[in-house]
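J.: Chains as they are written, first to last, in the working numbering: chain V, 1 to 181; chain L, 1 to 361.
Hints in this document: simulated from the structure, not taken from any laboratory.
It should be emphasised that the depicted structure is a prediction, and the values quoted were computed from it without experimental measurement.
The beta-carbon is built from N, C-alpha and C at its ideal position, and this holds for glycine as well.
Do not take every clue at face value.
Label-pair restraints from in silico Cβ distances [claimed, not checked]:
no., chain 1, residue 1, chain 2, residue 2, range
1, V, Val116, L, Arg305, 54 to 64 Å
2, V, Ile99, L, Glu90, 47 to 57 Å
3, L, Glu90, V, Asn97, 16 to 26 Å
4, L, Lys304, V, Arg181, 37 to 47 Å
5, L, Gly340, V, Arg140, 27 to 37 Å
Taking lysine to aspartate or glutamate pairs in the EDC-like style, the calculated list, with each CA pair at most 20 Å apart, reads [said to hold, decoys possible]:
no., chain 1, residue 1, chain 2, residue 2
6, L, Lys181, V, Asp57
7, V, Lys21, L, Glu3
8, V, Lys58, L, Glu249
Computed, partial: chain V to chain L, Cβ under 7 Å [said to hold, decoys possible]:
no., residue
9, Phe11
10, Gln30
11, Pro38
12, Ser61
13, Pro63
14, Val65
15, His66
16, Gln77
17, Ile177
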Amino acid sequence: MMKEELIIAGFGGQGVLSMGKILAYSGVIQDLEVSWMPSYGPEMRGGTANVMVMISDKPISSPVVHEFDTAIILNQQSMDKFESMVKPGGALIYDENGIVKAPTRSDIDIYTIDAVAETVKMGNSKMFNTLILGGYLKVRPSIAIESVFMALKRSLPERAWKLLPDNEKAIKRGMEIIVKR
Amino acid sequence: MEEIKLMKGNEAVAIAAVRSGCDGYFGYPITPQSEILETLMAEKPWETTGMIVLQAESEVASINMVYGGASCGKRVMTSSSSPGISLMSEGLSYIAGAELPCVIVNVQRGGPGLGTIQPSQGDYFQAVKAAGHGDFDLIVLAPSSVQEMYDFVYDAFDLAFKYRNPVLILSDGAIGQMMEKVVIRPQTARKTNDEIIEECGSWAVTGKRGRTRNISTSVELDSVEQEKFNEKLQAKYKTIRETEVRFEEINCEDADFVIVAYGLCARISSKVMEMGREEGIKIGLLRPITLLPFPTERLNELSKRVKGFLVVEMNAGQMVQDVRLSVTTDVPVEHYGRMGGIIPAPSETFEALKRFINKLK
Numbered sequence: 001m002m003k004e005e006l007i008i009a010g011f012g013g014q015g016v017l018s019m020g021k022i023l024a025y026s027g028v029i030q031d032l033e034v035s036w037m038p039s040y041g042p043e044m045r046g047g048t049a050n051v052m053v054m055i056s057d058k059p060i061s062s063p064v065v066h067e068f069d070t071a072i073i074l075n076q077q078s079m080d081k082f083e084s085m086v087k088p089g090g091a092l093i094y095d096e097n098g099i100v101k102a103p104t105r106s107d108i109d110i111y112t113i114d115a116v117a118e119t120v121k122m123g124n125s126k127m128f129n130t131l132i133l134g135g136y137l138k139v140r141p142s143i144a145i146e147s148v149f150m151a152l153k154r155s156l157p158e159r160a161w162k163l164l165p166d167n168e169k170a171i172k173r174g175m176e177i178i179v180k181r
Numbered sequence: 001m002e003e004i005k006l007m008k009g010n011e012a013v014a015i016a017a018v019r020s021g022c023d024g025y026f027g028y029p030i031t032p033q034s035e036i037l038e039t040l041m042a043e044k045p046w047e048t049t050g051m052i053v054l055q056a057e058s059e060v061a062s063i064n065m066v067y068g069g070a071s072c073g074k075r076v077m078t079s080s081s082s083p084g085i086s087l088m089s090e091g092l093s094y095i096a097g098a099e100l101p102c103v104i105v106n107v108q109r110g111g112p113g114l115g116t117i118q119p120s121q122g123d124y125f126q127a128v129k130a131a132g133h134g135d136f137d138l139i140v141l142a143p144s145s146v147q148e149m150y151d152f153v154y155d156a157f158d159l160a161f162k163y164r165n166p167v168l169i170l171s172d173g174a175i176g177q178m179m180e181k182v183v184i185r186p187q188t189a190r191k192t193n194d195e196i197i198e199e200c201g202s203w204a205v206t207g208k209r210g211r212t213r214n215i216s217t218s219v220e221l222d223s224v225e226q227e228k229f230n231e232k233l234q235a236k237y238k239t240i241r242e243t244e245v246r247f248e249e250i251n252c253e254d255a256d257f258v259i260v261a262y263g264l265c266a267r268i269s270s271k272v273m274e275m276g277r278e279e280g281i282k283i284g285l286l287r288p289i290t291l292l293p294f295p296t297e298r299l300n301e302l303s304k305r306v307k308g309f310l311v312v313e314m315n316a317g318q319m320v321q322d323v324r325l326s327v328t329t330d331v332p333v334e335h336y337g338r339m340g341g342i343i344p345a346p347s348e349t350f351e352a353l354k355r356f357i358n359k360l361k
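Same shape as in the complex, but just chain L (with noise of 0.2 Å):
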């Protein structure tokens, strides 16, 4: 049956990871985003679909955890807001190196260091550059609304099993801490083992009856094995980049200015849209839906016949490079962001960007 109830970012990621079959999920309390792990145990979803729910001495043992629950074909996440990321870094780097799907929430916060428990989109940089060590890409997704929150734990699990890869969602503590409806869909029943040994036989550690043994590792000491395991994971990465690239487009059919943002970010700057649209300022938006792959050949096909963009973030500007590098024209890409916590105003992003346009007058 399906419900609408009323709730926060971090409590829709709790209840789209029960109803939608995860066996399992291994995190560790830490501020903006602690309800998830909080819900998940109210709900007790090991009375219900069996899900275990554990918390972890550490950030460091919750990867590690999620790298075993993985190895195994289960549907396994954790999450954690951005000092704990960092210290789950080493952790995702050897489940992208042994290639095995899995979910993590980042419920971002203000850094570096501790920072601050307020909401930032510093680790975007971290998410899409360098999750970790070595060559290898997440998939990257990046809600703004609470439904999205919901939505993307479905969508991460998915795109985790379909390529065998760590999947990202990337929000921040707005998101993360703010109650929005949502549409909650009836239970997924979870994989059963023989599901599991049908859809992941090839690859993942069920038990060798009647096949030959599968490993589960990341090492592998001979360059030329190595360098061929990296042109396929690279291989995987291009096909990614081909066919799963997401975004959301507002307005920008007759835009003169294409406003990119992502997250809390792109809800601020629609607010945006909508005041210059009153003042006759033909403004559109462009949302990165995923930050990995990024929507680059979208942007650079709107390069050329847009007077410039604006890239809007709670960072000290780290999506704009990605902007710059999609763009062949010389259309100018601006970027305008808060810092340490602070969310920007829809007021002073469009005072930003009608700076912006006038320098270009």
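So here's chain V without its partners, still in its complex pose (with noise of 0.2 Å):
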């Protein structure tokens, strides 16, 4: 049986939904149930975002829960808030730049993602949340990583495509970089 729960949490902009919509498509893409739920608000940029996502091989009853199998957290505001809310034995990941705190249960499996140090390497801002997506599929195997290439293709323009070969390299990058901590 497959299925996660997942929050992804952070600033608007940081392609916190995005990521989200990404690993929704790909589990429609393994013929999975799927639900985005995101926290809408009335700003696009700048405010907190998050988005719950539920993949399954089953329909999903609530899209909305407060115990997650996972947890990417990607600022302050929304560790102080979830950390709590990750079920014992899940798996909380975050990137520590930005973290002053640093989570503190043992009961649950926390991983490390240096991403906005590698953006700076890569000389590319914007595939930070591609790195955390790559970090997340090499903690949850369960949603294929071809499947997550054909979720970029058929999400994007015709047009960005050509962005597709650095998406993917950020995504195996991300595999690469995440620590168990």
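Take each chain as given, in its own frame, and dock them per the hints.
T.: Set out below in structure tokens:
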């Protein structure tokens, strides 16, 4: 049985919602049931943004939950709010950059990914969420990397397909640089 | 060709409008449903099916454009969110009074007043009791998934034309904003003028070539005549109550406790049901799909063998009153709700259910 209850939380503009969308799309490609529930706000950038993504091989009952298998956390406010909502045995993924109070739970698996530093090395700050997505796929391999590549291609307009190789590279790099704490 | 797409509830409404052969959409933007108008504008159906999409100057104008289009026998619709729907009440009452078919979508947000842009079910009373002045009923459908946001546009037009009555799709900001898989149907052609004359010629304003004129109006100053008309309307509503009740029942056969919830709350409650069943508590779920007509009889039947009903809503307790009115036994009916745009989590709802069960022991 495959069931993943995921939250991705950070600032608007970090690519939180689109990362969730690519994952949900990848689920559709694998013929799984998916739901994507954003916390929508009046502003497009700057505010906190989060999205709950459910992926399952069975119909999804509630698209909203308060206990998550995995949390991807990209700012301190989200850490304060969502660390406690990870299920015991679940996973928390975060970038230490911008986190002043590291997570303290000992009953979950905690992973760090130095994505901000990596975007500087790559010279492309837009790859931030793609790197994180790669890290996630390493931790949760039930979504195949090929599905994600296909989802990226299908969700981008044709004029943006030139960006696909960089995205694919960033996903693979993300898989390499994620570390278990 | 059947297609599966990942889309938002609001987008599903827009695509369904085009695909179902809708003739015209008239609306005014308001969060959390602006994607309906935005998607229609992006789709440009006026270039493909000939459907008109128009951003009116206000909600009052939108509903009156709908009134005009419906008078001509066209398949027309509008959408808005709570404050905008309030602005449409006068027009809705006129449309009901003129017995015209149309579809309205309310993607509810929290109130009162401008309130919040977050999801709510605070407009239940407005939808089923008082969408406008005068004795009239809407038909109210409550989608609980993005697929139903899509499908109910078709169903709403069918019901609207079957009964010459406005049909409201009562959704909420969460269902409107969330994305799920949707099966998209092939394009249905818009009705031709000849088909409209054949279907609606007895009442629609289609040009009176070769027949007596049709008058589309809600005014009748002779009280005797108006009462006759009121009786005719009430007879229609009775037929609707007898034939159009729709609901979904899960695990009610052996249930000790039944949760009654619609829309997003039904999804949350089905999770609560799973949590309860894992702990050996026999929980069932009754999800009204039509809020008007309401599944009164079924609730009353269930009340003869269950130990209690918990009604879960994103409001202070509205549908719970209709559940209480449905039940003729003394089975306890309790409400759990959140307001202000807060979505009740499955875990807190399960706690509320357990408190209710413990109270009964």
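J.: If a hint holds in the structure, say so; if it does not, say that too.
T.: We went through each hint and held it up to the structure:
The given range of 54 to 64 Å is respected by Val116 (chain V) and Arg305 (chain L), whose C-beta atoms sit roughly 60 Å from each other. Restraint check, Ile99 (chain V) to Glu90 (chain L): a C-beta distance of roughly 54 Å satisfies the suggested window 47 to 57 Å. Checked against the hint of 16 to 26 Å, the C-beta distance between Glu90 (chain L) and Asn97 (chain V) comes to roughly 55 Å, which is inconsistent with it. Distance hint check: the CB atoms of Lys304 (chain L) and Arg181 (chain V) are about 57 Å apart, inconsistent with the given range 37 to 47 Å.
Between Gly340 (chain L) and Arg140 (chain V) the Cβ separation comes to about 34 Å, which falls inside the hinted range of 27 to 37 Å. For a cut-off of 20 Å, the pair hint linking Lys181 (chain L) to Asp57 (chain V) stands: about 13 Å separates their Cα positions. Restraint check: the Cα-Cα separation between Lys21 (chain V) and Glu3 (chain L) comes to about 19 Å, which is no more than 20 Å; the hinted pair holds. Pair hint Lys58 (chain V) plus Glu249 (chain L) holds up; C-alpha atoms about 18 Å apart against a cutoff of 20 Å.
Look at Phe11 (chain V): its Cβ only gets to about 19 Å from chain L, farther than 7 Å, so that hint breaks. Taking 7 Å as the C-beta contact cut-off toward chain L, the hint placing Gln30 (chain V) at the interface is violated, the least distance being around 12 Å. With 7 Å as the threshold, the beta carbon of Pro38 (chain V) comes within range of chain L, its nearest partner Cβ sitting at about 6 Å, so the hint holds. The criterion of a C-beta within 7 Å of any C-beta in chain L is met by Ser61 (chain V), whose closest approach is roughly 4 Å, and the hint holds.
The beta carbon of Pro63 (chain V) is positioned within 7 Å of a beta carbon in chain L (closest approach about 6 Å), and the interface hint is therefore held. For Val65 (chain V), the suggested interface contact is upheld, since its CB lies about 6 Å from the closest CB of chain L, less than 7 Å. Residue-level restraint check for His66 (chain V) holds (minimum Cβ-Cβ distance to chain L is 4 Å; threshold 7 Å). Here the hint on Gln77 (chain V) is broken, as its CB sits about 18 Å from the closest CB of chain L, past 7 Å.
Against a cut-off of 7 Å between C-beta atoms, the interface hint on Ile177 (chain V) is violated, since the closest Cβ of chain L lies about 29 Å away.
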